[in-house]
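Peer 1: Protein sequence lines correspond, in order, to chains A and B.
Going by this note's numbering, the first residue of the first sequence is number 1, and it counts up by one from there.
Going by this note's numbering, the first residue of the second sequence is number 390, and it counts up by one from there.
Source of the hints: derived by calculation from the structure; they are not laboratory data.
There may be inaccurate statements among the hints.
Unchecked claim - Below 25 Å or equal to it, Euclidean Cα-Cα: the simulated SDA-like pairs (lysine to any residue) are:
| id | chain 1 | residue 1 | chain 2 | residue 2 |
| --- | --- | --- | --- | --- |
| 1 | A | 55 | A | 71 |
| 2 | B | 429 | A | 10 |
| 3 | A | 229 | A | 240 |
| 4 | B | 429 | A | 229 |
| 5 | B | 429 | A | 16 |
| 6 | B | 429 | A | 9 |
| 7 | A | 108 | B | 457 |
| 8 | B | 429 | A | 11 |
| 9 | A | 161 | A | 141 |
| 10 | B | 429 | A | 17 |
| 11 | A | 229 | A | 268 |
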Amino acid sequence: MNPLVLLFLLLPVAFLSGWWTARRLGARHSVARVDELSSSYFRGLNYLLNEQPDKAIEEFLKLAEANRDTIETHLALGNLFRRRGEVDRAIRVHQHLIARPTLNDEFKTMALLELGEDYMRAGLLDRAETLFADLVVMNAQAPSALRHLIAICQHERDWHKAILYSRRLEEASGESQALQIAHFYSELAERAQAHGASQEAEEHLGHALSAFPGFVRVHMLRGRFAAAKGNYDAAIAAYEQALEADIDYVPEILPALLDAYARAQQLDRAERVLGQMVKRYEGISPVLALARIYARRDGRQRAVEFLGAQLRQRPSVRGLVQLMDTAIEDDAGAESNLPMLRDLTAALLEGQALYRCTQCGFGARAHHWQCPSCKSWSSLRPVHGAAGA
Amino acid sequence: MRFVIIALLLVFAFFGAAFAALNAGTIHYDFLVATLDLPKGVSLLAAIILGWLLGGLSAWAGRGWRMRDAGRRRDGRDQA
Chain A
1 MNPLVLLFLL LPVAFLSGWW TARRLGARHS VARVDELSSS YFRGLNYLLN
51 EQPDKAIEEF LKLAEANRDT IETHLALGNL FRRRGEVDRA IRVHQHLIAR
101 PTLNDEFKTM ALLELGEDYM RAGLLDRAET LFADLVVMNA QAPSALRHLI
151 AICQHERDWH KAILYSRRLE EASGESQALQ IAHFYSELAE RAQAHGASQE
201 AEEHLGHALS AFPGFVRVHM LRGRFAAAKG NYDAAIAAYE QALEADIDYV
251 PEILPALLDA YARAQQLDRA ERVLGQMVKR YEGISPVLAL ARIYARRDGR
301 QRAVEFLGAQ LRQRPSVRGL VQLMDTAIED DAGAESNLPM LRDLTAALLE
351 GQALYRCTQC GFGARAHHWQ CPSCKSWSSL RPVHGAAGA
Chain B
390 MRFVIIALLL VFAFFGAAFA ALNAGTIHYD FLVATLDLPK GVSLLAAIIL
440 GWLLGGLSAW AGRGWRMRDA GRRRDGRDQA
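Sequences are here, hints too, so could you generate the full structure?
Peer 2: Here it is, written out as structure tokens:
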């Protein structure tokens with residue numbers, strides 16, 4: 001073979017070496033780019049974890065500019081803007097995402113959901129409602145959209161729609177919304193009663209009980225409605241049923257129940273029921289009520305003995321104040337520091353939360369069926385202990 | 390590593406120079422519309438560089454084609 005022919009073999013070798021070099025350069029370029037993106041991502045994440053959202057936004061903006069296809073980055077950016085209160089920017093980011101023709105359905109519904117939340121945050125409830133309703137019709141992200149719709153309906157006090165959406169949420173998510181629905185019917189009953197439609201109110205209460213059997217609020221409302229009509233026997237029966245349904249609501253039920261007992265002149269029954277309650281309920285409210293009955297009927301000495309014995313078992317600042325009140329009445333006219341001590345002790349109770357949300361820990365002095373902070377229903381429970389009711 | 394590469398480059402340069410000196414003659418190319426006389430060494434070097442460039446070009450084109458294909462497939466999924 002002519003040795004020069006061997007030289008022609010250099011041509012494929014040159015071709016292969018060129019091919020290999022180009023491949024290696026390309027791969028190195030990609031790795032460098034991915035490294036750069038990853039480090040930006042982790043820097044952003046680090047800022048987020050360190051609660052420095054401004055710097056996190058800067059990093060994510062860099063990422064979004066480097067790769068305009070990164071949908072997750074845009075979603076994260078929009079979320080961050082909304083959380084920082086820059087709702088207009090969040091809306092722009094999400095609208096820009098939705099306008100992409102190549103966006104798949106999953107990301108599109110996510111972006112629509114986020115946009116709806118932006119509108120909610122901006123107070124544009126009508127736009128948010130339309131958006132979420134569209135998502136429900138599309139059957140996309142239905143549980144989340146329905147939850148937002150229910151929140152809007154609650155805000156607008158549109159209880160009929162709230163019930164409708166809650167039932168659909170039950171179907172879509174399989175989670176029971178019975179308690180929430182019962183509360184919505186109770187709200188409708190209160191509204192109807194306020195407009196003098198007693199029959200309609202009773203129907204709503206019936207629906208509430210069918211939705212959530214043994215619902216304490218229904219019994220309390222029945223008691224209130226009956227007392228308002230002067231039917232104290234029915235009111236007492238309803239309030240006692242409420243106590244059976246949920247003993248935790250004693251501080252809320254007791255004043256109205258005691259009033260009904262007094263008006264119906266059933267103080268013996270009151271004493272019996274309170275005696276049972278003292279055994280079942282660990283707070284101080286029934287003890288104080290019973291002590292007042294003893295003071296009226298048997299004299300202050302009996303009340304002080306009873307209160308003193310109970311306070312040894314369940315120390316309570318409220319009980320102490322009542323004990324001092326009784327002692328002050330006994331020492332009327334005498335020079336004593338008791339009134340000052342009583343005022344100081346009462347001052348300790350001022351500002352103390354009587355109810356606390358079991359979901360978010362929000363403290364309140366008055367009872368609310370819906371937590372003003374986290375908006376969950378029936379989560380405010382009486383605080384027990386020394387400063388409790 | 391750097392010295393090894395420099396040494397290799399020197400060896401190749403030496404053999405290249407020796408090869409060009411030993412094959413001083415020219416090769417006549419006829420491109421139908423034009424003719425060209427090139428020294429044998431230059432001719433071989435040009436062929437090797439052309440081969441190297443063509444190899445690189447094909448790798449680059451292949452990578453671009455693969456990326457476009459992946460993009461098309463992703464868009465297809467997005468539309469689905």
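Peer 1: Now tell me if each hint is right for this structure.
Peer 2: Tested hints:
no.: 1; hint: A:55 <-> A:71; in the structure: holds, 20 Å
no.: 2; hint: B:429 <-> A:10; in the structure: holds, 14 Å
no.: 3; hint: A:229 <-> A:240; in the structure: holds, 18 Å
no.: 4; hint: B:429 <-> A:229; in the structure: violated, 119 Å
no.: 5; hint: B:429 <-> A:16; in the structure: holds, 23 Å
no.: 6; hint: B:429 <-> A:9; in the structure: holds, 16 Å
no.: 7; hint: A:108 <-> B:457; in the structure: holds, 23 Å
no.: 8; hint: B:429 <-> A:11; in the structure: holds, 15 Å
no.: 9; hint: A:161 <-> A:141; in the structure: holds, 19 Å
no.: 10; hint: B:429 <-> A:17; in the structure: holds, 22 Å
no.: 11; hint: A:229 <-> A:268; in the structure: holds, 23 Å
Taken one by one, the earlier hints fail for this structure only at number 4.
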